[in-house]
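Novice: Following the hints, complete the assembly by docking chains B, Y and P with the ligands onto the known chain F.
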Amino acid sequence: MDDFYRDYILDHYRNPRNFGTFERADVEAEDLNPLCGDEIHMQLQLDDGVVRDVRFSGKGCAISQASASMLTETVKGMKLSDVAQLSKQAVLDNVGIGISPTRMKCAMLGLRVLKSAAIGRLAAWPDEE
Amino acid sequence: MDDFYRDYILDHYRNPRNFGTFERADVEAEDLNPLCGDEIHMQLQLDDGVVRDVRFSGKGCAISQASASMLTETVKGMKLSDVAQLSKQAVLDNVGIGISPTRMKCAMLGLRVLKSAAIGRLAAWPDEE
Amino acid sequence: MIRTGTLLERDRDNEKLQRIIADFPILARPTSRGKRLVYLDSAATSQKPRCVIDALVQYYEQYNANIHRGVYEIAARATDEYERARVKVARFVGASPSEIVWVRNTTEAINLIAYSWGAQHLRRGDAILLTELEHHSDLVPWQLLAERSGAHLRFLPVDERGVHVLDDLDGLLDGCKLVALGHVSNTLGTVAPLETIIPRAHAAGAIVAVDGAQGAPHLSLDVHALDADFYAFSGHKMLGPTGIGALYGKKALLDAMPPFFSGGDMIRRVRYENTIFSDPPRRFEAGTGNIADAIAFGVAVEYLQNLGMSWVREHERALTAYALERLAAFEPRGLAIYGPRDPDRISGVISFNFADIHAHDLASILDTEGICVRAGHHCTMPLMAKMGWSATARASFYVYNTPEDIDVLCAGLEKAATVFAR
Amino acid sequence: MIRTGTLLERDRDNEKLQRIIADFPILARPTSRGKRLVYLDSAATSQKPRCVIDALVQYYEQYNANIHRGVYEIAARATDEYERARVKVARFVGASPSEIVWVRNTTEAINLIAYSWGAQHLRRGDAILLTELEHHSDLVPWQLLAERSGAHLRFLPVDERGVHVLDDLDGLLDGCKLVALGHVSNTLGTVAPLETIIPRAHAAGAIVAVDGAQGAPHLSLDVHALDADFYAFSGHKMLGPTGIGALYGKKALLDAMPPFFSGGDMIRRVRYENTIFSDPPRRFEAGTGNIADAIAFGVAVEYLQNLGMSWVREHERALTAYALERLAAFEPRGLAIYGPRDPDRISGVISFNFADIHAHDLASILDTEGICVRAGHHCTMPLMAKMGWSATARASFYVYNTPEDIDVLCAGLEKAATVFAR
Ligand SMILES: Cc1ncc(COP(=O)(O)O)c(C=O)c1O
Ligand SMILES: Cc1ncc(COP(=O)(O)O)c(C=O)c1O
Chain F
1 MDDFYRDYIL DHYRNPRNFG TFERADVEAE DLNPLCGDEI HMQLQLDDGV
51 VRDVRFSGKG CAISQASASM LTETVKGMKL SDVAQLSKQA VLDNVGIGIS
101 PTRMKCAMLG LRVLKSAAIG RLAAWPDEE
Chain B
130 MDDFYRDYIL DHYRNPRNFG TFERADVEAE DLNPLCGDEI HMQLQLDDGV
180 VRDVRFSGKG CAISQASASM LTETVKGMKL SDVAQLSKQA VLDNVGIGIS
230 PTRMKCAMLG LRVLKSAAIG RLAAWPDEE
Chain Y
259 MIRTGTLLER DRDNEKLQRI IADFPILARP TSRGKRLVYL DSAATSQKPR
309 CVIDALVQYY EQYNANIHRG VYEIAARATD EYERARVKVA RFVGASPSEI
359 VWVRNTTEAI NLIAYSWGAQ HLRRGDAILL TELEHHSDLV PWQLLAERSG
409 AHLRFLPVDE RGVHVLDDLD GLLDGCKLVA LGHVSNTLGT VAPLETIIPR
459 AHAAGAIVAV DGAQGAPHLS LDVHALDADF YAFSGHKMLG PTGIGALYGK
509 KALLDAMPPF FSGGDMIRRV RYENTIFSDP PRRFEAGTGN IADAIAFGVA
559 VEYLQNLGMS WVREHERALT AYALERLAAF EPRGLAIYGP RDPDRISGVI
609 SFNFADIHAH DLASILDTEG ICVRAGHHCT MPLMAKMGWS ATARASFYVY
659 NTPEDIDVLC AGLEKAATVF AR
Chain P
681 MIRTGTLLER DRDNEKLQRI IADFPILARP TSRGKRLVYL DSAATSQKPR
731 CVIDALVQYY EQYNANIHRG VYEIAARATD EYERARVKVA RFVGASPSEI
781 VWVRNTTEAI NLIAYSWGAQ HLRRGDAILL TELEHHSDLV PWQLLAERSG
831 AHLRFLPVDE RGVHVLDDLD GLLDGCKLVA LGHVSNTLGT VAPLETIIPR
881 AHAAGAIVAV DGAQGAPHLS LDVHALDADF YAFSGHKMLG PTGIGALYGK
931 KALLDAMPPF FSGGDMIRRV RYENTIFSDP PRRFEAGTGN IADAIAFGVA
981 VEYLQNLGMS WVREHERALT AYALERLAAF EPRGLAIYGP RDPDRISGVI
1031 SFNFADIHAH DLASILDTEG ICVRAGHHCT MPLMAKMGWS ATARASFYVY
1081 NTPEDIDVLC AGLEKAATVF AR
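Chains as they are written, first to last, in the working numbering: chain F, 1 to 129; chain B, 130 to 258; chain Y, 259 to 680; chain P, 681 to 1102.
What the hints contain is simulated information worked out from the structure, not anything from laboratory work.
Even glycine gets a Cβ: it sits at the ideal position worked out from N, Cα and C.
Treat the hints with caution; some may be incorrect.
To be verified - Where chain Y lies over chain F, by a calculated footprint (3+ residues, C-beta under 8 Å): (1) 27 to 35; (2) 98 to 112.
To be verified - For each label pair, taking beta carbons as the anchor points, the in silico distance ranges come out as: (3) Y/Glu572 to P/Pro710: 41 to 51 Å; (4) Y/Asp513 to F/Gly120: 15 to 25 Å; (5) B/Ala213 to Y/His379: 49 to 59 Å; (6) P/Gly1068 to F/Thr21: 12 to 22 Å; (7) P/Arg713 to Y/Asp602: 53 to 63 Å.
Claimed, not checked - Far from chain P by the CB rule (all over 10 Å, computed), these chain Y residues: (8) Arg342; (9) Ser407; (10) Asp428; (11) Glu453; (12) Ala462; (13) Glu572; (14) Glu672.
The shape of chain F in the complex, shown without the other chains (with noise of 0.2 Å):
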């Protein structure tokens, strides 16, 4: 679990891409990790259903920051019915490297927000899917 705080994690987390609001979103959805009450709000801006921008705030550790940092790269110019269909993978791919299950929920939470955000009701737990 050391050997997950990398250096490209670590400037994810202290330096996060695509944060904070827009006036106006499209879609957006919020929620937080019940186990430790990191928090994160995801809001896209879409073209013709395809994700033009993306925006995210919230707190917490530097898993879950990152990850969703993270994923504001990767959903950018996706088309939201794809983006409803991300898997768990797509985070772990982003991440790289094994994440510990205790952990698991906190990697996973920008990606519940965000296919929350696609399917405009609370998604479930991808790790849970």
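Specialist: Below, chains B, Y and P with the ligands without anything else, positioned relative to chain F:
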């Protein structure tokens, strides 16, 4: 415990003394053993604070019924205030042999009811005093 | 006689049965009088196989930690095993894990339904249908709910053998919101005709809560196929430890129910003023759960699953048949056998009385021979009153019982007869 | 420094402490990375000594049976040990056995008060006084009770160090029926000034329910002398097994309270129509209790009593003093220590954050060194929000912790600093 079922116990069980009910009693009480449902009802007729006559009714195991039957013989002629003071030992003296702890409540039911009648409210379990 | 003979031969040298018995440490311990322990009280609580006891020891010696919120290694393992146990128990009854709420026992499960679902759904004038066979745990919570809500109780009658009388079922269901009934009577062994009652209750607009305390341990179960709305059961009656049980509830029902217990671990967000709750099953699990016992309960159902629930049922059926036959021989001497006499309609429970020997006295005398039977009202006082019995003796069977146990019981009856003949 | 030096000398070769550690099997097991287990999460749940685990095994291997109604030998022994455990736990907190109700945990105990006493006594307009420190288990049940009864909640404030501010206590007590507060904060370790609050609450006509989850394990307790009306605690936080806890209630209060859970074993007489209930404590104990764990809980408090609760308190005080001193050395590098800094005012709990390392990340890195600390909101979300902390790391101490454990924690902090320095 099998030694417990001596002739005189079985005799009291099958031919309970002072069994039945008075039309009118000076004091009376009833209770049931919550563990098994055994029931005893005791009625006393008094003369100047002394037990002139006694009746009991109820149903239950040989231990509860024989103990109650023997007790009725014990208390005839006793002062009511002395009945209120009767201890566990009075019953054990009657039944004459060790009773296993699980059956103690059966043996004490009659005494509890008798003491309840004497004090005018539910008495404590003699084995728990 | 031939069927019994076959049974005896098959079982007496049944390796499987001997292996099972060897799994239960307590059965190898003689009583204080040096007798073999003949445990015929599994309806009260079952004995536990070594693997269940070991699961407890392993938890406490290797990975004891509080769950769900711990980041460190042993907390992760504890969480994982706790949730795996839920999966095992869910699979055992044919449910999905999110439909299984951990509780202490059947009694708590039934109270949970009464307080949460009951408070939400029952109104003055509504009816709750029970049966005359119910255990106090499936009766008193409904009495109190009736008192709180203004609803009233009705009772499906049973005949003098303790068999459900369905003649007026539809009439009784009229205006009913809830049917609560035991799967198997702990006093008489009667198996309830759930396949008949559940669809008719649903047709009448009632939901059905099954007290499965005596069902889950003994019968193959598929709560989805059965279409029960709730199904409550206790670990301690099915080889698991004391202090753990489960409530199955249909997902849609649980989802719509308000919390009952509240506190740590069942919340999403708490403010001083108000709280947002978790989804089921956690919504109903407040505070630190019985982690060790839940894990061991998972091991217990795995053990049962390995035996095969159809084997369990057949083993108990055969024992019951043998017991009924042997006990029948005492009938001319005053033995009264209660409940259905048909081993296909009862589940490993036989209630009886012997001549003028009160059930308690009988149990005490049997105890001196190492035989454990229960005596009393079996937490069914109203049934006893209806039947006119002040107490009965009850022998109940489980996976580790043998025909020899029944032989010993019969020898014990002979002894009691001798003692009381004095 | 001199005090600490003395502590180190005294404890490092303290035979008693070494003997205690040897009593806990889990502490002898290295983690999967081969590290010594440094367990600093006893506020979540404590580890268990061998004697407690053995009590469970003994019960299941020697005398497992249902209690109260069994006539036979093992049922008699089980009943006896179960009730003896109640006597032990009662004595441990200074109560009499009839004032001790078995429950699953502190959370259930508090819910029991809310449902039984609360429903009977609280009316629209009544106030319930809590504190800002409360654990969700001592907050959410009162929120729900307020919703059901129309009563409202008030909060005794704490200062920025988490110390109770009593300035307006009498004002807050005005119109109050109930004060519910934790004896010790699980997040900050603050010990509540119960000796001040309880008499003033009583003077104002309120009863006081103490959440003793973190009190009973760590402090010498005499509930009669304290004059608490209710005192709730969990076995698993005080060397006992999971799944068992106790509610102390003053006899007069319990006697007057209606049942909460109902079912088998808490009744005197049941009819189809109605029921007469037992006296406390059994009135509140429906269904088969957690027999094995109650017995083992009795063994746990005996173990604590043998250590001596004043030794326990002094040991924890000394560890806390040492930890505060060692952690203070990290303050220039961004370590923030929360809660009172005075070891005499806290009970073995220290919450902190380290620079920009989120508590969860810190806990994960410490885990790789075998160190178990908790990270998050510690079931006190409103307190975290008030203080402006999104999460904290928490180290908590118990009888088996040593100054070396704190040294290892500090080495872990160094490692975390290195990892995050990248
Ligand atoms: C202060 C406090 N109150 C209540 C609880 C709840 O205890 P349990 O989870 O054992 O019910 C805890 C433990 O988490 C606690 O620390
Ligand atoms: C039919 C039935 N229902 C309910 C119960 C209550 O179970 P528990 O005591 O485990 O809550 C029992 C067991 O005593 C039972 O036999």
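Novice: Now, for every hint given, state plainly whether the structure supports it.
Specialist: Evaluated hints:
1. 27 to 35: holds (count 3)
2. 98 to 112: Since 4 is at least three, the answer is holds.
3. Y/Glu572 to P/Pro710: 41 to 51 Å: holds (47 Å)
4. Y/Asp513 to F/Gly120: 15 to 25 Å: holds (18 Å)
5. B/Ala213 to Y/His379: 49 to 59 Å: holds (51 Å)
6. P/Gly1068 to F/Thr21: 12 to 22 Å: Since P/Gly1068 and F/Thr21 have Cβ atoms about 20 Å apart, the given range 12 to 22 Å holds.
7. P/Arg713 to Y/Asp602: 53 to 63 Å: holds (58 Å)
8. Arg342: holds (16 Å)
9. Ser407: holds (14 Å)
10. Asp428: Answer for Y/Asp428: holds, closest chain P Cβ roughly 21 Å.
11. Glu453: It holds; Y/Glu453 is separated from chain P by about 26 Å at its closest Cβ, greater than 10 Å.
12. Ala462: holds (21 Å)
13. Glu572: Non-interface label stands for Y/Glu572: nearest chain P Cβ at 26 Å, farther than 10 Å.
14. Glu672: holds (18 Å)
Checked against the numbered hints listed earlier, the structure breaks none of them; every hint is satisfied.
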